[in-house]
Amino acid sequence: MTNPRLLPLFATIAIFLVACVICYIQFPFMASTRVLGNLLTDNAYLGIVAVGMTIVILSGGIDLSVGSVIAFSGVFIAVLLRDTNLHPMIVFALLLIVTTAFGAAMGGLIHVLAMPAFIVTLAGMFLARGAAYMLTIDSVPIDDPFFEMLQKAYYLMPGKGRLTLIGVVMLITVLVGMIVAHRTRFGASVFAIGGGEQTAKLMGVKVAQTTVGIYAFSGFMAGLSGIVFSIYTGSGYPLATVGTELTAIAAVVIGGAILSGGAGYVFGTLIGVLTMGLIQTYIVFDGSLSSWWTKIVIGALLLLFIVLQKGLLRLSVARLSGGTA
Amino acid sequence: MLLSIRSLTKRFPGTLALDDVRFDLKAGEVHALLGENGAGKSTLIKCLTGAYRPDGGDITLDGEKISPRSTSEAQELGIGTVYQEVNLLPNLTVAQNLCFGREPRRMGMIQTRAMTRQADAMLEAYGLDIDVTRDLGLYSVAIQQIVAIARAVALSGKVLILDEPTASLDAREVEMLFEVVRGLREKGLGIVFVSHFLDQVFELSDRVTVLRNGRHVVTEDIAELDRVKLIEHMLGHALETEVDDHATPHDDSAPKRPEMLKFRQMGRAGVVHPFDLDVRQGEVVGLAGLLGSGRTESAEFLFGLRSGGTATDTDGDVPLDTPRKAIAAGFGFAPEDRKTDGIVADLSVRENIALALQAARGWARPIPRAEQARLADMYIERLDIRTSDAEKRVGELSGGNQQKVVLARWLAMNPRFLILDEPTRGIDVGAHAEILRLIHELTAEGMALLVISSELDELIAVSDRVIVVRDRRHVAELTGSDIRTDTIVHAIAHRDDIGEVA
Chain A
1 MTNPRLLPLF ATIAIFLVAC VICYIQFPFM ASTRVLGNLL TDNAYLGIVA
51 VGMTIVILSG GIDLSVGSVI AFSGVFIAVL LRDTNLHPMI VFALLLIVTT
101 AFGAAMGGLI HVLAMPAFIV TLAGMFLARG AAYMLTIDSV PIDDPFFEML
151 QKAYYLMPGK GRLTLIGVVM LITVLVGMIV AHRTRFGASV FAIGGGEQTA
201 KLMGVKVAQT TVGIYAFSGF MAGLSGIVFS IYTGSGYPLA TVGTELTAIA
251 AVVIGGAILS GGAGYVFGTL IGVLTMGLIQ TYIVFDGSLS SWWTKIVIGA
301 LLLLFIVLQK GLLRLSVARL SGGTA
Chain B
1 MLLSIRSLTK RFPGTLALDD VRFDLKAGEV HALLGENGAG KSTLIKCLTG
51 AYRPDGGDIT LDGEKISPRS TSEAQELGIG TVYQEVNLLP NLTVAQNLCF
101 GREPRRMGMI QTRAMTRQAD AMLEAYGLDI DVTRDLGLYS VAIQQIVAIA
151 RAVALSGKVL ILDEPTASLD AREVEMLFEV VRGLREKGLG IVFVSHFLDQ
201 VFELSDRVTV LRNGRHVVTE DIAELDRVKL IEHMLGHALE TEVDDHATPH
251 DDSAPKRPEM LKFRQMGRAG VVHPFDLDVR QGEVVGLAGL LGSGRTESAE
301 FLFGLRSGGT ATDTDGDVPL DTPRKAIAAG FGFAPEDRKT DGIVADLSVR
351 ENIALALQAA RGWARPIPRA EQARLADMYI ERLDIRTSDA EKRVGELSGG
401 NQQKVVLARW LAMNPRFLIL DEPTRGIDVG AHAEILRLIH ELTAEGMALL
451 VISSELDELI AVSDRVIVVR DRRHVAELTG SDIRTDTIVH AIAHRDDIGE
501 VA
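Residue numbers (our numbering), protein chains in the order written: chain A, 1 to 325; chain B, 1 to 502.
Hints in this document: simulated from the structure, not taken from any laboratory.
Where is the CB? At the ideal position from N, CA and C, for every residue including glycine.
Please note that the accuracy of each hint is not assured.
[Claimed, not checked] A partial selection of chain B residues facing chain A, derived with a Cβ cut-off under 7 Å:
(1) Thr71
(2) Ser72
(3) Asn87
(4) Leu89
(5) Phe100
(6) Gly101
(7) Met107
(8) Met109
(9) Ile110
All chains should be built: construct the whole structure from the sequences, respecting the hints.
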């Protein structure tokens with residue numbers, strides 16, 4: 001008998017495979033490494049930020065600030081590269097320090113004030129967006145030789161698909177996220193807090209440190225996502241990535257994590273992101289469909305997963321009362 | 001002596017929860033800690049596990065004085081606790097739960113296989129062969145309970161406190177748990193066993209300590225005690241002097257009162273065996289029984305909190321499917337847990353008193369402020385509620401005065417049938433006597449009362465009739481001169497002679 005906690009993950013993978021088959025039947029040309037390469041590249045920033053969001057949601061929290069933080073990151077990089085002579089790598093390092101500290105501060109507030117993460121990160125969302133506007137109100141192009149090199153770095157897969165640097169960064173991030181969530185004490189503490197903060201405390205989880213760590217991790221991932229997004233678009237724009245936090249949450253839920261915390265897989269989130277990307281690709285291939293269909297399908301998928309999770313909950317409750325010894 | 005507690009005192013606003021309590025635990029014994037609700041068991045345990053800091057007294061473990069400040073500190077000192085509600089994480093695997101915080105790691109990464117082996121080894125000693133890589137939540141409560149014990153023993157290893165561990169287990173699971181506990185006793189652990197199932201206490205324990213009203217009553221070898229003695233210790237004679245003044249004379253020549261309510265087949269299998277009850281005007285019916293015997297559940301059926309059975313009065317059927325209908329029929333219910341079910345701590349005395357009346361009138365017809373104030377002042381005076389004024393937050397009053405506010409709320413409705421579940425729990429002796437006096441006044445006006453109490457003397461003093469509840473069944477009804485401590489204790493204690501005592 002398999003562990004029922006794996007079922008949402010299996011469902012996610014099954015839906016992804018079904019989507020792949022549908023795409024292939026309609027447009028056989030979609031089964032190419034070019035499409036795969038683009039899928040990874042186009043969704044790299046979303047995948048990275050969704051890994052951070054997965055950790056947050058596993059702990060039973062939420063981080064609404066990440067979309068704004070990505071926009072802030074792009075603007076921060078563009079403005080610093082325009083106005084100073086700093087090497088992009090140093091700018092990246094500075095940015096990651098800032099966004100990680102920002103996340104840590106939100107985590108600290110959530111713990112110390114015992115406030116819902118929703119409210120604290122909502123404040124963070126406005127603050128980060130405002131900070132981006134303070135730096136500039138225009139779209140600032142990035143013109144830097146090192147940056148151009150990053151944009152053009154790719155590995156040519158057989159079939160002429162391009163596995164870009166940012167696509168690889170996303171895959172590595174997912175791998176790191178999987179290790180952090182499932183193979184470290186920090187990850188175990190995250191699951192424990194998601195399962196019940198009081199109980200976690202009784203079992204010796206350092207709730208304060210873990211909470212700060214969770215949001216710092218999410219802040220770091222948002223910063224990294226911002227770097228990837230700036231490489232992807234080649235500019236910084238304070239109005240970019242509005243609502244990305246919600247897309248990331250959707251990806252996490254479609255990936256099989258439970259919004260109330262305590263159950264889910266980072267790998268599922270990757271599949272969730274790819275599923276959403278695949279729907280978009282399908283619409284592009286079709287050509288006649290409005291892009292709003294993406295939202296409708298994502299909405300339907302979200303509903304499906306919420307129903308699935310409720311069903312699983314019932315199932316495990318029923319099994320318990322049946323007395324599985 | 002492994003653990004010894006001397007003159008432990010813990011005070012809460014308005015009550016003395018622990019008063020000069022002593023307790024000793026030897027290595028290699030199962031020591032049962034008994035007492036009704038409010039006797040101080042859980043306060044004592046919370047002092048041991050660091051959840052509460054005692055106001056006075058010493059706790060000595062292995063000859064050294066300790067004063068744990070948190071559960072984890074108590075754990076490190078060697079005191080582990082397993083609660084009725086399993087305090088582990090159902091969303092983690094059994095192995096993760098067992099090894100949490102001590103996972104085998106290499107380069108910061110948890111070695112899942114080593115952890116599985118470690119968990120298997122831990123459970124082997126308990127004769128439990130389960131797949132530790134599955135979620136804990138998938139297993140039965142009994143297995144979760146044993147996993148919790150395994151974790152507590154591995155972490156602490158000297159004293160194991162089992163707080164009502166069997167409350168949600170069936171007979172076979174209880175036996176499985178007891179085997180585990182006996183095994184730990186052989187290994188020399190000191191085990192504190194809290195339970196209100198007397199059979200289990202007799203089956204498992206070596207010694208018994210009884211607490212009542214925050215005081216130590218007796219500590220004895222289980223072999224020296226029988227059920228009757230034990231129940232006498234638990235229900236006690238503490239209040240003889242206070243209650244005597246208000247005692248209802250128990251002679252068989254009491255006048256027949258007019259009938260008021262007839263309940264038929266109240267109850268549902270598994271909760272309370274269906275029972276019939278007739279209540280007369282101005283009568284006080286006492287409900288006696290141990291904790292968990294089904295006495296509170298009986299009251300809940302009568303008030304429509306649980307549905308089952310029918311009720312009729314002289315005018316015909318009384319619908320009782322919801323408390324709202326029960327209130328409309330002139331019923332009132334002052335629940336056992338005053339703090340969570342009775343008062344609204346953040347509202348004022350006036351608002352609390354007006355609450356039920358307002359609910360009955362509906363939101364569209366608010367009670368005028370002046371009328372509320374008049375009601376509040378009247379009941380403050382009539383019930384002698386000690387408060388500076390009617391606008392004080394109820395949460396700031398003492399337990400006895402809170403109880404009077406709850407009573408006032410129902411009296412404002414002018415009910416004909418009022419249920420009082422443990423009306424004197426956690427109340428100081430003075431307020432206690434006043435509440436008993438009130439009960440007498442009320443019945444003189446024709447109101448009928450159902451009183452549930454763990455204090456036998458109190459029940460005897462106020463009741464015209466006592467119904468004994470045992471094992472979720474109404475087993476005996478005592479009237480007139482039969483209402484005595486010994487008859488009630490016998491009815492509670494004896495298992496196989498249903499009806500004989502009545």
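| At a threshold of 7 Å, is the proposed contact between Ser72(B) and chain A supported by beta-carbon distances? | holds, 6 Å
| message | Given a cut of 7 Å on the nearest C-beta pair, is the interface hint for Met109(B) held or broken against chain A? | response | holds, 5 Å
| message | Quick check on the hint: Ile110(B) CB to chain A CB, less than 7 Å? | response | holds, 5 Å
| Holds or violated: is there a CB of chain A closer than 7 Å to the CB of Gly101(B)? | OK, holds: Gly101(B) within 7 Å of chain A, min 5 Å.
| field | Restraint check, 7 Å cut-off on beta carbons, for Asn87(B) near chain A | value | holds, 5 Å
| Would the stated hint for Leu89(B) survive a check requiring a Cβ distance to chain A of less than 7 Å? | Result: holds, 4 Å to nearest chain A Cβ.
| Residue hint Phe100(B), partner chain A, criterion CB-CB below 7 Å | holds, 5 Å
| Going by Cβ atoms only, is Thr71(B) closer than 7 Å to chain A? | holds, 6 Å
| message | Min Cβ distance, Met107(B) to chain A: is it shorter than 7 Å? | response | violated, 10 Å
Going down the numbered hints, you'll see the structure goes against just number 7.
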